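**Q** Here are the chains, one letter per residue:
Number of protein chains: 2
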Amino acid sequence: MKIDSVDFFYLAMPVVTTAGDGSQDALVIRVSAGGHVGWGECEAAPLPSIAAFVCPMSHGACRPVSASVLGEAIDGPEDIKRMASALALNSMDLLQAPHTWSGIEVALWDLLGRIRGEPAWKLLGYSKSHPKTPYASVLFGATPQQSLERAKELRARGFRAVKFGWAPFGDSLQGDIDQLDAARQGIGPDGILLIDAGQIFADDVDAAALRLASLNANKVTWFEEPFGGFAYDAYRRLAARSGAVKLAGGEAAHNRYMAQHLIEYGQVGYVQIDCGRIGGLWPAKQVADYATARGVTYVNHTFTSNLALSASLQPYAGLQESRICEYPTALSRLAVDLTATHIVPDSNGEIAAPDAPGLGIEIDERALKQYAVDVEIKVGGRTIFAPPRI
Amino acid sequence: MKIDSVDFFYLAMPVVTTAGDGSQDALVIRVSAGGHVGWGECEAAPLPSIAAFVCPMSHGACRPVSASVLGEAIDGPEDIKRMASALALNSMDLLQAPHTWSGIEVALWDLLGRIRGEPAWKLLGYSKSHPKTPYASVLFGATPQQSLERAKELRARGFRAVKFGWAPFGDSLQGDIDQLDAARQGIGPDGILLIDAGQIFADDVDAAALRLASLNANKVTWFEEPFGGFAYDAYRRLAARSGAVKLAGGEAAHNRYMAQHLIEYGQVGYVQIDCGRIGGLWPAKQVADYATARGVTYVNHTFTSNLALSASLQPYAGLQESRICEYPTALSRLAVDLTATHIVPDSNGEIAAPDAPGLGIEIDERALKQYAVDVEIKVGGRTIFAPPRI
Numbered sequence: 001m002k003i004d005s006v007d008f009f010y011l012a013m014p015v016v017t018t019a020g021d022g023s024q025d026a027l028v029i030r031v032s033a034g035g036h037v038g039w040g041e042c043e044a045a046p047l048p049s050i051a052a053f054v055c056p057m058s059h060g061a062c063r064p065v066s067a068s069v070l071g072e073a074i075d076g077p078e079d080i081k082r083m084a085s086a087l088a089l090n091s092m093d094l095l096q097a098p099h100t101w102s103g104i105e106v107a108l109w110d111l112l113g114r115i116r117g118e119p120a121w122k123l124l125g126y127s128k129s130h131p132k133t134p135y136a137s138v139l140f141g142a143t144p145q146q147s148l149e150r151a152k153e154l155r156a157r158g159f160r161a162v163k164f165g166w167a168p169f170g171d172s173l174q175g176d177i178d179q180l181d182a183a184r185q186g187i188g189p190d191g192i193l194l195i196d197a198g199q200i201f202a203d204d205v206d207a208a209a210l211r212l213a214s215l216n217a218n219k220v221t222w223f224e225e226p227f228g229g230f231a232y233d234a235y236r237r238l239a240a241r242s243g244a245v246k247l248a249g250g251e252a253a254h255n256r257y258m259a260q261h262l263i264e265y266g267q268v269g270y271v272q273i274d275c276g277r278i279g280g281l282w283p284a285k286q287v288a289d290y291a292t293a294r295g296v297t298y299v300n301h302t303f304t305s306n307l308a309l310s311a312s313l314q315p316y317a318g319l320q321e322s323r324i325c326e327y328p329t330a331l332s333r334l335a336v337d338l339t340a341t342h343i344v345p346d347s348n349g350e351i352a353a354p355d356a357p358g359l360g361i362e363i364d365e366r367a368l369k370q371y372a373v374d375v376e377i378k379v380g381g382r383t384i385f386a387p388p389r390i
Numbered sequence: 001m002k003i004d005s006v007d008f009f010y011l012a013m014p015v016v017t018t019a020g021d022g023s024q025d026a027l028v029i030r031v032s033a034g035g036h037v038g039w040g041e042c043e044a045a046p047l048p049s050i051a052a053f054v055c056p057m058s059h060g061a062c063r064p065v066s067a068s069v070l071g072e073a074i075d076g077p078e079d080i081k082r083m084a085s086a087l088a089l090n091s092m093d094l095l096q097a098p099h100t101w102s103g104i105e106v107a108l109w110d111l112l113g114r115i116r117g118e119p120a121w122k123l124l125g126y127s128k129s130h131p132k133t134p135y136a137s138v139l140f141g142a143t144p145q146q147s148l149e150r151a152k153e154l155r156a157r158g159f160r161a162v163k164f165g166w167a168p169f170g171d172s173l174q175g176d177i178d179q180l181d182a183a184r185q186g187i188g189p190d191g192i193l194l195i196d197a198g199q200i201f202a203d204d205v206d207a208a209a210l211r212l213a214s215l216n217a218n219k220v221t222w223f224e225e226p227f228g229g230f231a232y233d234a235y236r237r238l239a240a241r242s243g244a245v246k247l248a249g250g251e252a253a254h255n256r257y258m259a260q261h262l263i264e265y266g267q268v269g270y271v272q273i274d275c276g277r278i279g280g281l282w283p284a285k286q287v288a289d290y291a292t293a294r295g296v297t298y299v300n301h302t303f304t305s306n307l308a309l310s311a312s313l314q315p316y317a318g319l320q321e322s323r324i325c326e327y328p329t330a331l332s333r334l335a336v337d338l339t340a341t342h343i344v345p346d347s348n349g350e351i352a353a354p355d356a357p358g359l360g361i362e363i364d365e366r367a368l369k370q371y372a373v374d375v376e377i378k379v380g381g382r383t384i385f386a387p388p389r390i
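These protein sequence lines map, in sequence, to chains A and B.
Taking the working numbering, the leading residue of the first sequence gets 1, the next gets one more, and so forth.
Taking the working numbering, the leading residue of the second sequence gets 1, the next gets one more, and so forth.
By construction, these hints were calculated from the structure, which means they are not laboratory data.
Heads up, a few of these hints could be off.
Straight-line Cα separation of at most 25 Å, BS3-like style, residue types lysine-lysine; simulated pairs [to be verified]:
no. : chain 1 : residue 1 : chain 2 : residue 2
1   : B       : 81        : A       : 369
2   : B       : 219       : B       : 152
3   : A       : 378       : B       : 369
4   : B       : 81        : B       : 128
5   : A       : 2         : A       : 81
6   : A       : 2         : A       : 122
7   : B       : 122       : B       : 81
8   : B       : 122       : B       : 2
9   : B       : 81        : A       : 378
Keep in mind it's a predicted model, so treat the numbers as computed, not measured.
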């Protein structure tokens, strides 16, 4: 079977704000081969990612992503790995390429799974999709009181685990302490509390370390992204002082090496992988194997649609011990409407990667129309990109 | 002074091939502020890099590069560093951003230098631009005999140092040995011989190590990029076995951390920085300081125009001990025509960063017209990019 087409659907809410809400737009991929179809989503800026697929070649090591995909054979998992290897050489100098490829790679597993009638996690080598404990991923309130109320509300909705993140965290030490106290008070003494600093401390270990006492006092399970994704040395130095609180990071990894380095050099206790950035399911599975062998817990990273959520669960669906999982609870209307299938917690408050072919998620094609962004790219008078037909 | 405009000139040769020649197209940046102008060049895929500047915002940490640049104050070096820090947060999730920013950052130093009447290297803190020994950077011949003749010809043209790279290197062990013998024979016993494997061994240490005996026998100074840019562990393991031959790498670094990691974790002896990728002159200067403190030699990486060449020399212009420098000798017509100023070896066969304001390079605006690629990007019916007026 040959890959006949790769279509990019650029979707967006009518208004996109500077809020830390990644579900305000979406880049959805449809791959067609031999009459079959698979779907994936890039966790990436849509326009540059589309450009990375359609751009003219610059030279032999700076080819568009399309050059390693269109017309290629897709008969089994080995074909996906082969394309990934070709891309690494052909698009070596095209920085955006891994973000573009990620959605395509996910769609290829979905396609293969649908053809074979098997879930993607089975194609990745697992025999069972174990239940996960979802954590609600929300932003801090503007005030500690707001965070407290948000936590209470999430507990009331059945979440045992809550992650608070981003501004105003990092603005002031006392403000952060107040927020942490409020968050713990809100979810109660038995709740799992996770904190995401959103890289606010860049590589300032001492500034981040000032928060450790309060993080420990509030029994925070992990302290996520205190630093830039590449600041391994800062991670390592903070990890050495962080006590029972473990560091978490890895969402920015755009290849498996970056995630492995954060484990090896940064000494994180949790590695968080976004399949929409790292190059899809296969490199994520490699990271899961690597982490497991080193006593590090793999966690999914996702903050867009349930298509991306299902993708993010596949690479560690079979790891019974890695129980915690990210579960976005404040999705935009677009991200909700995109899928006809939704992954919802069962009566135990748990979720799992669907036991259904591919990703087990059906797209609602009405959303592809309703939220479509009209984009046209012309080079040399020729249209090289226009929105695909649905 | 406020930044009034950032213009992108996408230039290309009429025909672009898969050859490993990065000068077949160019993305040239013009920054205007308060009636002054500065020029820079991205070493990047033009279309995705333009898209990263003009794209709609996805969320607060995925804003276009323009959001951290347009309208900002530019009165001194601190403003450039401030914009770089803002970009790191505002465009955290936009993978292509560092490649786009690199050309802008270079243009900002050029602009500041022109206003103050000082070379960029002086603004970076150096008091003198020391001469460098240029190496001719060429591709291996298809046969060893062709490589031998190429080396002889370059010696005859006055080059004491020659770097051979890419295919067919890596195709077969005996073929590689024959190529290395031919290259050494061609440049003579006293020539400086450098080899670039173009990442052909991915992370296969044993395959790369098979070449070490011949690399040592032929007194190769450095063995460049045997592996992917992130394969630090492979670098470290090969470095432990490489004898007098030192490893080199770093050209893919799109932030200073990546280059520092290749030194710290990969144990390279030479770190090669492309200012058109790493985020411009300032992070490159930080890498130069870091390398010098650790006994590692900084080298420029550049394979496009003399505008990029001058930029690449600035961050280590003042380092007297770091003598070797990359000097492209097989530039496309476009890359030659782009600048009215050309950096040519003096009677000693040496070159230096110009002792002239900014980068010391004048653009030939005729080339901006002659090689212009007509690009138009429309979003929501509105043109968000069209070629700028010259």
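**Q** Next step is simple, just say for each hint if it's right about the structure.
**A** These are the hints, each one checked on the structure:
1. 81(B) / 369(A): Violated: residue 81(B) and residue 369(A) sit about 42 Å apart, past 25 Å.
2. 219(B) / 152(B): holds (17 Å)
3. 378(A) / 369(B): The hint holds at about 18 Å.
4. 81(B) / 128(B): Measuring from Cα to Cα gives roughly 23 Å; hence the hint holds.
5. 2(A) / 81(A): Answer holds: residue 2(A) to residue 81(A) is near 15 Å, not above 25 Å.
6. 2(A) / 122(A): holds (23 Å)
7. 122(B) / 81(B): Measuring from Cα to Cα gives roughly 16 Å; hence the hint holds.
8. 122(B) / 2(B): holds (23 Å)
9. 81(B) / 378(A): violated (34 Å)
When held up to the earlier numbered hints, the structure conflicts with 1, 9 and fits the remainder.
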